[in-house]
Amino acid sequence: MRVLAALSGGVDSAVAAARAVDAGHDVVGVHMALSRNRDQFRTGSRGCCSIEDAGDARRAADVLGIPYYVWDLSERFEQTVVADFLAEYEAGRTPNPCVRCNEHIKFEALLDKGVALGFDAVCTGHYARVEIAEDGTRSLLRARDVAKDQSYVLAVMGPDRLARSMFPLGDVPSKEQVRAEAADRGLAVSAKPDSYDICFVADGDTQGFLRDRLGSRPGPVVDAEGAVVGEHDGAYAYTVGQRKGLALGRPAPDGRPRYVLEVQTSSNTVVVGAAELLTVRELDGDRAVWFDPAPEPSAWFGCSVQVRAHGTPVEARARRTAAPAPGSASEDGAHERVEVHLEDGLRGIAPGQSLVLFEGDRVVGQATVTASRR
Amino acid sequence: MTVYLDHAATAPMHPRAVAAMVEQLTRTGNPSSLHGAGRTARRVVEESRESLGAALGARPSEVVLTAGGTEADNLALKGLAWARHAQDPRRRRLLVSAVEHHAVLDPAVWLAEHEGFEVVLLPVDRDGRLEVDALAEELAAHGDQAALISVMWANNEIGTVQPLDEVVALAGRHGVPVHADAVQAVGQLEVDFTASGLDAMTVSGHKVGGPVGVGALVARRGLDLTPVLHGGGQERAVRSGTVDVASARAFAVAVEEAVTHRAENAERLAGLRDSLVAGVRRGVPEAVLRGPEPGAAGAPSPGRLPANAHFTFPGCEGDSLLYLLDSHGIECSTGSACQAGVPQPSHVLVATGVDDHDARGALRFSLGSTSTAQEVDALVSVLPEVVERARAAGLAGVG
Numbered sequence: 001m002r003v004l005a006a007l008s009g010g011v012d013s014a015v016a017a018a019r020a021v022d023a024g025h026d027v028v029g030v031h032m033a034l035s036r037n038r039d040q041f042r043t044g045s046r047g048c049c050s051i052e053d054a055g056d057a058r059r060a061a062d063v064l065g066i067p068y069y070v071w072d073l074s075e076r077f078e079q080t081v082v083a084d085f086l087a088e089y090e091a092g093r094t095p096n097p098c099v100r101c102n103e104h105i106k107f108e109a110l111l112d113k114g115v116a117l118g119f120d121a122v123c124t125g126h127y128a129r130v131e132i133a134e135d136g137t138r139s140l141l142r143a144r145d146v147a148k149d150q151s152y153v154l155a156v157m158g159p160d161r162l163a164r165s166m167f168p169l170g171d172v173p174s175k176e177q178v179r180a181e182a183a184d185r186g187l188a189v190s191a192k193p194d195s196y197d198i199c200f201v202a203d204g205d206t207q208g209f210l211r212d213r214l215g216s217r218p219g220p221v222v223d224a225e226g227a228v229v230g231e232h233d234g235a236y237a238y239t240v241g242q243r244k245g246l247a248l249g250r251p252a253p254d255g256r257p258r259y260v261l262e263v264q265t266s267s268n269t270v271v272v273g274a275a276e277l278l279t280v281r282e283l284d285g286d287r288a289v290w291f292d293p294a295p296e297p298s299a300w301f302g303c304s305v306q307v308r309a310h311g312t313p314v315e316a317r318a319r320r321t322a323a324p325a326p327g328s329a330s331e332d333g334a335h336e337r338v339e340v341h342l343e344d345g346l347r348g349i350a351p352g353q354s355l356v357l358f359e360g361d362r363v364v365g366q367a368t369v370t371a372s373r374r
Numbered sequence: 001m002t003v004y005l006d007h008a009a010t011a012p013m014h015p016r017a018v019a020a021m022v023e024q025l026t027r028t029g030n031p032s033s034l035h036g037a038g039r040t041a042r043r044v045v046e047e048s049r050e051s052l053g054a055a056l057g058a059r060p061s062e063v064v065l066t067a068g069g070t071e072a073d074n075l076a077l078k079g080l081a082w083a084r085h086a087q088d089p090r091r092r093r094l095l096v097s098a099v100e101h102h103a104v105l106d107p108a109v110w111l112a113e114h115e116g117f118e119v120v121l122l123p124v125d126r127d128g129r130l131e132v133d134a135l136a137e138e139l140a141a142h143g144d145q146a147a148l149i150s151v152m153w154a155n156n157e158i159g160t161v162q163p164l165d166e167v168v169a170l171a172g173r174h175g176v177p178v179h180a181d182a183v184q185a186v187g188q189l190e191v192d193f194t195a196s197g198l199d200a201m202t203v204s205g206h207k208v209g210g211p212v213g214v215g216a217l218v219a220r221r222g223l224d225l226t227p228v229l230h231g232g233g234q235e236r237a238v239r240s241g242t243v244d245v246a247s248a249r250a251f252a253v254a255v256e257e258a259v260t261h262r263a264e265n266a267e268r269l270a271g272l273r274d275s276l277v278a279g280v281r282r283g284v285p286e287a288v289l290r291g292p293e294p295g296a297a298g299a300p301s302p303g304r305l306p307a308n309a310h311f312t313f314p315g316c317e318g319d320s321l322l323y324l325l326d327s328h329g330i331e332c333s334t335g336s337a338c339q340a341g342v343p344q345p346s347h348v349l350v351a352t353g354v355d356d357h358d359a360r361g362a363l364r365f366s367l368g369s370t371s372t373a374q375e376v377d378a379l380v381s382v383l384p385e386v387v388e389r390a391r392a393a394g395l396a397g398v399g
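Protein chains in written order, with full-length UniProt numbering: chain A, 1 to 374; chain B, 1 to 399.
Derived from the structure by calculation, the hints contain no laboratory data. Glycine is no exception: its CB is placed at the ideal position from the N, C-alpha and C atoms. Treat the hints with caution; some may be incorrect.
Part of the chain A face toward chain B, derived, beta carbon under 10 Å [to be verified]:
1. V30
2. G118
3. L141
4. F209
5. D212
6. A275
7. L277
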């Protein structure tokens, strides 16, 4: 196959590309430039698009003996991932930009461009497995190393794009093994630290980034009964479940810590309260995507649900609540909804988070949380 | 078969230059040493300097050897700016054309950001040719504040030959020194430093069949240049650093070869270039040739470098075209500078009025000594399919 290996400059994508080469594929390395801001390069962002990372990616391609290109996807990244990040926070929701990047950039812009240029698949260093059944059905499975599993952030791609994706690191026992393999292969990135921050928030200061881009919008912080207990500089910067950074002058009457319960953007109000008020038992999601075989509409099925990138999955029942109308744009998926009942409660789920449903190790589907109930 | 159409990036070394370099590399001797080995090395350097001077129409003493074109451009810009400003503090305007190489533009911008100078970007027309009237107006209004003028002999991206005669004549009336980056011109156009009336001129080794890492600033005798590199006082104390004997020798041999055979090579390359341009237009009618029209096939084309062809392909990304051609074994360039390998719209195309979007679909084909009609045919035969595919990918990528 002709394989486009996305090279971030990190160890995972380099080893993934190396494994694709070993498997006999015709591999070309591509580094995605996601920022055109030269200043960002100079101040040494730890993100995906620093000069150092582009150089490391190039060097990895040299060692593997594969061609290397930089593709400028910065415009698309700004229009989709960054714009969505801002719009979601502005609407009082909590987005996961890595999910959106996989959705719009890696498995859409990059994949589509690759396919148009004659490639068969995109290869990345994500930790997840793809299983192909005898009838050709492809399933997205958790990685063998559960601690590194990234199926949560990949589920958004849906079945069609899974068919053109390759995750050679899905069955490695541990990250240490990937580092050792990189060292054995002479890849200089073997000891490079992992990246955790949001790549376009260079200093890790999400609140500062939001304030810079969205401006200061002071408003009240109220308790569950509506009494004003403090002030904030912009409700958009708060996340349901957040405890730190509330800067409430007076302690709660009962002296217990308070958490953000709700972000009301229409009135620019942040609602805080006790921890037990955060526990929810029911979730609604939209923009759902289903892997094959997709669940029957309206029928409840048992599953486990994960709501954070490294969150523990909890037992649940779920059902599709609306299928796309016949003839409607099924790609859109906005009408495709899901309802989830949790066996035990989960704390602090914010609208905008991704929920991913699993059956054992297999990803059933993915949706974006729109509402939660106690 | 690999088809190399990127001679403007770097050209194959001439076998005679390789032989001369290897011969010198086996010898020991610092040309600044006074003993026999040093004297032998010094003699090789000075003979090389004489041969460079003879080939470029300059006196030997006017040739300041550097470690390449970028260093020579930096020395010209900084050395002239500082020297002129020291003589007359009012002279702080740096007049540079908008299509200069980054080795000229970036030192000028650096001087503005750090040393109190001001950059005046001189506009060009749609073909990339300097608007001489704009220079005349600038000099009429602020001639007494001009520290220098830097206009390249010929453009590295779109091949436009600049009207240096007119620039030199205008500058002379206002007593402003003129520098020209002639890196792309040597070997393709007749370059005679003394006849040109220039005050300083940059040349480079690896574009003409010499090694990478050597070049020269040809500086008129008596021109005041403040040094950029300080140290042992080599090269008339303008450029300190032990002179690289082997590179100087190979550089001289390459320039000598390039200049001796220039007329016949230029004619041959212009013919190949014309068939390349015609073939591209036939296969991809919507392609837009950037830079001056070369003129009738075979006819001399003083407005454009004979070995240069440059196109924009509407709806295509240059990097897609580059990848697809590379996968067919055809090596060319998008012609624009890269920051971290990130394609930026070429400042040259933007200066000629091309919008950012069209500028993204640029490809430069540059011919040289190894180029053949078969290579041009190979390009022309795969290009329509490549462009079609890149256009589809361009739509996918922009979405």
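Hints that the structure is at odds with (numbers, increasing): 3, 4, 5, 6, 7
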